[in-house]
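Both chains are sitting in their own frames, so use the hints and assemble them into the complex.
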Amino acid sequence: MSDFEPIVKIRGLTKHFKKHTALAGVDLDIYPGRIIGLLGPNGCGKSTLIRHIIGLYLPSQGTCMTFGKNAADLGQKELCRIGYAHQEGQLLDWMNVEQLIRYVSAFYPKWNKDLELRYTQDFEIRMKDRVGSLSPGQRQKLAILLAIGHEPDLLILDEPASALDPIARAQFLELLLNIIQQEGKIILIASHILTDVEKIIDHVIMMNGGRIIKNQGLDNLLESYLHVRLTSIGKELPQELSFEKALFCQKDNYQALIVFETPDLDSFKAQAERLNCRVDIHALPLEDLYRVIMRSQH
Amino acid sequence: MKFQEPPFFNKKYYYNIPGFKDLMILDIDYHSGVPIYRQIIDQVREQIMGGLLKEGDQLMPVRELSAMLTINPMTVSKAYSAMEAEGLLERRRGIGLFIVGIEPLRKDKAKEAHVEALLNKAVITARQFGLSSKKMQKILDELFAKYQADDRSLSDE
Chain A
112 MSDFEPIVKI RGLTKHFKKH TALAGVDLDI YPGRIIGLLG PNGCGKSTLI
162 RHIIGLYLPS QGTCMTFGKN AADLGQKELC RIGYAHQEGQ LLDWMNVEQL
212 IRYVSAFYPK WNKDLELRYT QDFEIRMKDR VGSLSPGQRQ KLAILLAIGH
262 EPDLLILDEP ASALDPIARA QFLELLLNII QQEGKIILIA SHILTDVEKI
312 IDHVIMMNGG RIIKNQGLDN LLESYLHVRL TSIGKELPQE LSFEKALFCQ
362 KDNYQALIVF ETPDLDSFKA QAERLNCRVD IHALPLEDLY RVIMRSQH
Chain B
51 MKFQEPPFFN KKYYYNIPGF KDLMILDIDY HSGVPIYRQI IDQVREQIMG
101 GLLKEGDQLM PVRELSAMLT INPMTVSKAY SAMEAEGLLE RRRGIGLFIV
151 GIEPLRKDKA KEAHVEALLN KAVITARQFG LSSKKMQKIL DELFAKYQAD
201 DRSLSDE
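Order-wise, the sequence lines are chains A and B.
All residue numbers for the first sequence refer to this note's numbering, where the first residue is 112 and numbers rise by one.
All residue numbers for the second sequence refer to this note's numbering, where the first residue is 51 and numbers rise by one.
In isolation and in its complexed conformation, chain B is listed as follows (with noise of 0.2 angstroms):
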């Protein structure tokens, strides 16, 4: 695929770019401190781990996803070659990057591993607001009903 030298300022040009039928959508913090590279790998994990990339997805080439966050193409490079070299992206040469290799992202391990570095910082709260577990098992169910998800089944279900 061949792009034109994308015209200046004008975002819109990469919100129709032939080819591409869905743009990465990430929410990136620039002032967090955490690397801007660190903060895509995330989300594309999180996102495969959601099921929302799947095995074979294509990933926005390095110029458009960088013009379209404004930020610079070699933090691009250096995240997407960090999730090459962990086997979750294979380049196809002259064609473009693709999910591969999901499958011990998608295990529940990981997921598990995942919502508990999460659950840990509510943990330590309640324990330090004085809350029993007993209190946080009725937030956490009462927060599982409110949520409850009918299009993607439970895995252990």
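Pulled out of the complex, with its shape left as it was, chain A reads as follows (with noise of 0.2 angstroms):
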């Protein structure tokens, strides 16, 4: 699908913020036409990594291009098609809405005014308001305003929609994917809240430790793992009990739940048959399966 360039190319960056370590040798390639989730527990370096992205931080080892260029050198050009929203989203309080995006669009070359008109609309901003006065949903909506009104090719999204209330989000998750229609755009999409972003996203970067330990298709990565209960129709199970591939498992007379990385279900299955038991397999959600892997780490 992707033939092209990459957009960001990162090349073992590593960070060090005194004696702290943020990232150590992040290699990472991000394609257009992708909405990419970036998972991970607290500070264990996504916003550091998106920081290096657009060229706020600059690496102390390695190298981090995006739209080809290095973070250092970022120029105008570049930064104009990248938009950015974040977590803390600071605003000027005393100015009204109106006058903030007026201020805010007059940084850019061109800026889409009938999205900005249908947005306003739709997410029920007051233009007249106070930026100070907003409660923090509506100031979560502005800032994502100001990060897409100049239709951004690369658009970087730091806890978007936390404070988003449930029909918010879900006009929020259209506004991505109409988007997402657009040619050769990227969304890329930090979250701790898993719920929200496993609808649309179709790529997963999880992080840890300042390391990426998964980076792969969404789809992929739930096929890989199945979480599985056994439980024994006739005698109890054998005491000791040990399945190939298994992560997890844990079991207690008649009974095991076990989850598998890749497993060969056929050979489990036969051997399953030969314990005489009944298995239900599920696959596990990405909040679970985010669990899992976050655990196995240690």
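Rather than coming from a laboratory, the hints here were simulated on the basis of the structure.
Relax, there's no trap hidden among the hints.
Mimicking BS3-like on lysine-lysine, the simulated pairs with C-alpha atoms at most 25 angstroms apart in a straight line are:
1) Lys362(A) / Lys346(A)
2) Lys159(B) / Lys380(A)
3) Lys171(B) / Lys362(A)
4) Lys224(A) / Lys188(A)
5) Lys239(A) / Lys224(A)
6) Lys171(B) / Lys346(A)
7) Lys185(B) / Lys346(A)
8) Lys159(B) / Lys104(B)
9) Lys224(A) / Lys296(A)
10) Lys380(A) / Lys171(B)
11) Lys380(A) / Lys346(A)
12) Lys180(A) / Lys120(A)
13) Lys161(B) / Lys380(A)
14) Lys184(B) / Lys346(A)
15) Lys362(A) / Lys380(A)
16) Lys188(B) / Lys159(B)
If you want the footprint, here are the derived chain B segments under chain A, 3+ residues with CB under 8 angstroms:
17) 76-84
18) 110-120
19) 123-129
20) 166-177
If you're wondering where the values come from, they're calculated on a predicted model, not measured in any experiment.
All C-beta atoms in this analysis are idealised placements derived from N, C-alpha and C, irrespective of residue type, glycine included.
Laid out in structure tokens, this is it:
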């Protein structure tokens, strides 16, 4: 699908803050046409990684190229193609909404006024409200508008929807899908709230301790883990029970719960048959999967 | 057929797409962990087996279906491509995707395999609970009587 050049190209990216290592040798290519979920526990380096991509931080070692330019050399041309809404959402509180939108839009060579109008209507943003008086949810909506108004090719959202109500959240997801329909766009969403993003992302990057531990398609990731319950129909399960490729196994005398990574289902089913067991196989929802992968890191 | 730029957030639009008399009714569980493209394939296959989708029916275009379900268009494309590769769908350039080659799925064998997979769990639960095969048979017969289908004839008659 993506034969063209990656929009973001990262090689051996390492970042130290004094003695703390925030990123430890990250390699990453990001291709257009994707909605990527950037997942990981607090302090795992998500935001640090993002700040390198948009040129707010410079690497201690390695390189981070965005639109073919090093983080240090990002100029107006590249920055205009990036949209960024972040969790703290610092806005100019003393302006009213309309003033702030005009102020921000003035920085960009193009600004989609039509999109702005539809957006403010659909999200019920009132132009005359003072920015400082907005609720956290309204602020977040405004921050998103300011990140998309100039129609960036690379849209980066750091915890974008945490304060949105369920309806606004659904609208927000629709908005992102609308953006990704256009050629050559990338949306990168960093989030803890997995249920928000799992509907629409097609690619997952998981980070832990400054490293990337998973970088693959969502479907592929979901399909490579299975959760199995084994229930003995007849006699007790043998004391020593081991399964190939099992990540976790929890058992009592008659039942066992097992999580597999890329299991050989046929051989497992044969094993279960020999043990005279009932097998219930479930997929693991992304949220559970996330916990399993994080736990298996230790 | 030319689609207008879909307006934001206006789901009503998608329910009135000119040229599509029917929507695809799919019941997607977004948080089950079963990949969404899998769920689409399974449900389309099931609808074909049940006679709800017929040879020559047109599927909703990728854009419209992804907008309706609020899912990534790549996910819909993936499901459609897999079904195309399987020979279940045919792409007519510039028009859309149509259901073809459903014969294998309409055969009793395919239906039986599908039902057997569903029954497997019930039987093994019965075994675990110590219910006899005779009791199971009785339950099945009663259920059959309860859901006596009068509109679609049984295929083995």
